[in-house]
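Student: Each chain is listed here by its residues.
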Amino acid sequence: MLAEHKDEAKVISGGTAIVPLMQEKLLAPSYLVALYKVPGLDYIRHEPGLGLRIGALTSLRDVETSPLVRQHAPVLSYTASLIASVRVRTAATVGGSLAEANYASDPYGVLIALNAMIKAVGTSGERTVRMGDFITGHYRTALQPDEIAVELLVPEVSPNVSATYIKYTTRSQKERPAAGVASLARLDDSGACEELKVVVTAATETPQVIVEAEQLALNKKPSLSLIREIALRYSQQIEPLEDHRASAWYRRQLIEVLVQRSAESVLRIKGE
Amino acid sequence: MNVGRAIPYVDALERVDGSIGFTINLEVPGMLHARVLRSPSPHARLLKVDTSRAEHLPGVVAVLTGVDFRPASDMELLYGGMNGDQPVVARDKVRYVGEPIAVIAAETPETAERALSFIDVEYEDLIPVFDPYEADTEDSSLVHDEYDTNVCSYFKLRHGNVEAGFAEADRVFEHRFYSPAAQQFPLEPHVTIASVDASSATLWSSTQAPYPVRESVAKVLKLPEDKVRIIVPPLGGGYGAKNFVKLEPMVAATARKAGRPVRLALSTEEEFVTVTKHPAVVTIKTGVKADGTLTARKVDIHWSGGAYADTTPPVARGGGVTATGPYRVPHAWVDSRAMYTNLPQAGSFRGLAVNQVVWAYESQMDIIADALGMDPLEFRLHNLIDEGEEWVTGERMDDSHYKELIREVADKIGWDKPSRSEGHLKRGKGLSVTLKSTITPSTSRASLKVDATGTLWVLASSVEMGQGVKTVLSQMAADAVGVPLEQVRIVDPDTSVTPYDMTTSSSRSTFSSGGAIRNAADSLKAQLLELASEITEHDPTDIEIVDGFISSKNSPGKGLLIGELLQKSDRDELFAEGTLETQGGLDPETGQGKASDHWHQGAGAAEVEVDTETGRVAILRYHAASYVSRVINPTNVRLQNEGNVVYGLGPALFEEIIFDQGRVVNSNLDSYPIPSLEDVPKHLSSSALERPDAEMPYGVGENTLPSVAPAIANAVFWATGVRIHDLPITPEKVLRALRAKKEQN
Amino acid sequence: MRPGTRSQLTTQELRLQLNREHRSVEVETDETLLSVLRDKLKLYGNRQGCGIGYCGACTVLVDGKPVSSCIMLAVQVEGKQLTTVEGLSKDGKLHPVQQAFLDHTAFQCSYCTPGFILTTKAMLDEDPSPSREEIREYLVGNLCRCGSYYNILEAAEEAAVRMQAKKQVASD
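Protein chains in written order, with the working numbering: chain S, 20 to 291; chain W, 718 to 1462; chain B, 505 to 676.
Hints should not be assumed to be uniformly reliable.
Unchecked claim - In the PhoX-like style, the derived pairs of lysine-lysine whose C-alpha atoms are separated by at most 25 Å in a straight line are:
#	chain 1	residue 1	chain 2	residue 2
1	S	29	B	584
2	S	193	W	1143
3	B	671	S	56
4	B	670	S	56
5	W	1143	W	873
6	B	584	S	193
7	B	569	B	584
Hints are computed from structural coordinates only; laboratory data are not their basis.
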């Protein structure tokens, strides 16, 4: 249907993203494809060795409260609990929230840090997109017009991994983030860092990773000064945007502080 | 005895079962749905407004534009009790983005919405003016050409000799403070339904001011006032947004043109262009002796009033007269100038006009205390007025309790125990006091009626907007006449039935309508006693009314229920009207006289924790105190005192309307957040101070709101040494100030 | 309500269980659930607030869980169980959550109150003894402009206690 009607058709799953846009007249589709009627897309499974498989029509509330998610990817459950409110999470779906691609959102950073993938289905078949490649701009994703997301795959997380998400708001305590930092680290038995992922979200149109800063940590025992250097590079190399939540200058300060705090947490270093 | 008891609200059941009737629920048979075409330009001439295409759409019944108000027509274009400068819809010129140009009335809301794009308008852009200082210059563009000036209202206060006062001072401090526009944001929007025929009109409206609305609608429709009926169901929030006249003239005019009832309900986005809080710049100059005694204060306030006067004159006055604070200031000079600007009209906002000046003077008090090395509490106690002192208007301030209030909040916040800071998290405490006038002179009338069923009817035009006025007035009426609360019924304001009341605002209803009810009760009781005396042949002085039972004082067991008395006397009802009028007023050149019949007094204390790496301010504790004279219902007082604090957190910490060339950029909750459960301090408490011998209750609707922002700013200062002058106190502003301070050192 | 500006509007029959009653109502395909509840079914306990799903005044329960009816299309609840504030009292008696809100005066203008009551009910049906922090989190999506939050928290806590007590009595 999407292929046939192209721009005239839009998908609706929970409705929490698209209905307000229709009310505001920003979108006036001639056809709404009722995804929520499609059976078999609302599930959370764990396949040992593979990871968590979450159907696109699963509600955010179910992701938040799922014992499987809490066990296998607790940082995802925690991050989901920060999104909006229980009421919104009840209706909002995983697929819908990811495909909405509002830059001021919470889950993208954590999913990138966890190497999550999205399975998309279209008229030309099935394909998998890495979370890091999925968000291409504000309200833009890598999905083709005839594709829909059907599944979120969160690969198995190794046991010695520590992950966290910091959500920062500048106005009400309860609103979309002005900046967010998701971090993940794996330390070996000697305490040296085997892997570090730091993803900054809501500060720019797409999630930001500064690989050369992450790599500074590799094979070293983490220290405060090392983390400070990583945080500095993140703040220097990201060009934050300005919106009604924060100025570019302020976001830059936040990036440095939040990357510092987030990295300290996953690298298990106490700050001053 | 009901007064003083925390009884459940008389309308509590409808509130929890959802059956309470708001105006937004109402339907009138045959009613049409209206939508408004609004100006995209902040200042432009209207060259052409062509509605012919819209009028021909199926389902469109009428389109109202400025052309319908030609001199010979049956409608008057301009209304507005203050300056009379408000057009029902724009004609010739638009003066702000969002100004109504045309109103479409159609069979369905969707049709009306669609028809908007079928109206063709041609504009000739004019230079807009947004800043009140710029508006106050000779070269400024004029918002109202007919006026030659952009001054909407100018209040002056001259007391003593301010230059001599500064000369006596050991130190003089001058600072500037800014408050931006904010939105009152009632969850129920403005809604009006009008049903109009050739000789009369009936309106149901979500308004705080039925009588001013009646006056304006009557003027616009060229009808006698008593042919216009305004009915007001309970409001889903008001906070000043619904004070005075808003949609009513527009909807009434459209209904007349359409020949059918018309309903208009605003969207949230439209609320933002209907009325806002006044942006204001306050420059305050204070002279003080080395021992901390204030000698003089000079205040300049420039308010941005928006395109039309609405309630700007009382704002200029209410803010101007209180701009020096509840302090002993022998020499005072205030210039309070409210300018027309090409922005949506600014109007009543809870804590009217006082928020902006308290922000200034209470922030400055701590700056001065710091400079003098004095404790901010001691500094205030040294200068706050005492009972019965003469104030900057020359009036005697009777019933003043500012010292008590500030001591109360300081005590409750643990003022003597210094806050503990840890690492980058710095803690501090701050105080603020507030004084606010109530509309003076003012008039309220209320009526009481008993019928043969023994029911006591209370008829008052005070509007129920959640402040519990129906409950409080019922308690007062029950006690004043001597009937059980269960026998009291209070009706919704209805100008054909409930007598004149100026407005439900300014925290005045408990005092004014309550006072009028007491007066009516005296008269009603006299009638009841007289009637009882006729029946029983006792002297009226020997008869008493207790719990709805009329009996002789000597034999209290033998008597009649009120209903029985009326039945026995063959009377359907007894009726009494009471009035409460307050006197006062100020000289227009000097601001001397009597500004307020009595004063609303409040204070607040905050303890904050500032994350000095991000600038984020967390409110750990807040205690609010309010002088209420006499508590009628403790539950109600606490809800108001604490509700005010929650409400005040918004403009203090994050609420700000952002304009881009006059266009509101953030007009709903996704971009204009309001305080949520998470924003409420974990420890929020309040006290209500009373006088044991007080007869009359004072209002509590606003007392504790204005102190919120300065108490927080002062706490931030004592925690970190940085001072924020411009609201809201955002993390970014705090961080910038912290960085600047670090650079200096 | 303000749907898109298409020239063909289609309507369909919506079947659902509303407050334990089977109902059938004709709705437009792009009509919101709130619009159907208010304009078609005259159930005004469901409030028109911000219109974008933020304030929670429009909260209803779908299969026992809270959702924003202003941003849900009516057709999305086909075949589901819907609970509004009008359906809470049983045999003329208020639901314990409603009673607790009344007893604690957990409101001022009460425009937001049905939304809070329904959300509290959903919370207690899911978790009968939440901590104050958990209550705060669950209710955070409901806004009260009058600022009655403290009384609301107290009422929710009381409702939890009373509902537990009722269950005790019922099981004894």
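Student: Evaluate each hint against the coordinates.
Tutor: Hints, verified against the model:
no.: 1; hint: S:29 x B:584; verdict: holds (24 Å)
no.: 2; hint: S:193 x W:1143; verdict: holds (23 Å)
no.: 3; hint: B:671 x S:56; verdict: violated (37 Å)
no.: 4; hint: B:670 x S:56; verdict: violated (38 Å)
no.: 5; hint: W:1143 x W:873; verdict: violated (42 Å)
no.: 6; hint: B:584 x S:193; verdict: violated (30 Å)
no.: 7; hint: B:569 x B:584; verdict: holds (11 Å)
In this structure, the earlier hints numbered 3, 4, 5, 6 are contradicted, and the remaining ones agree with it.
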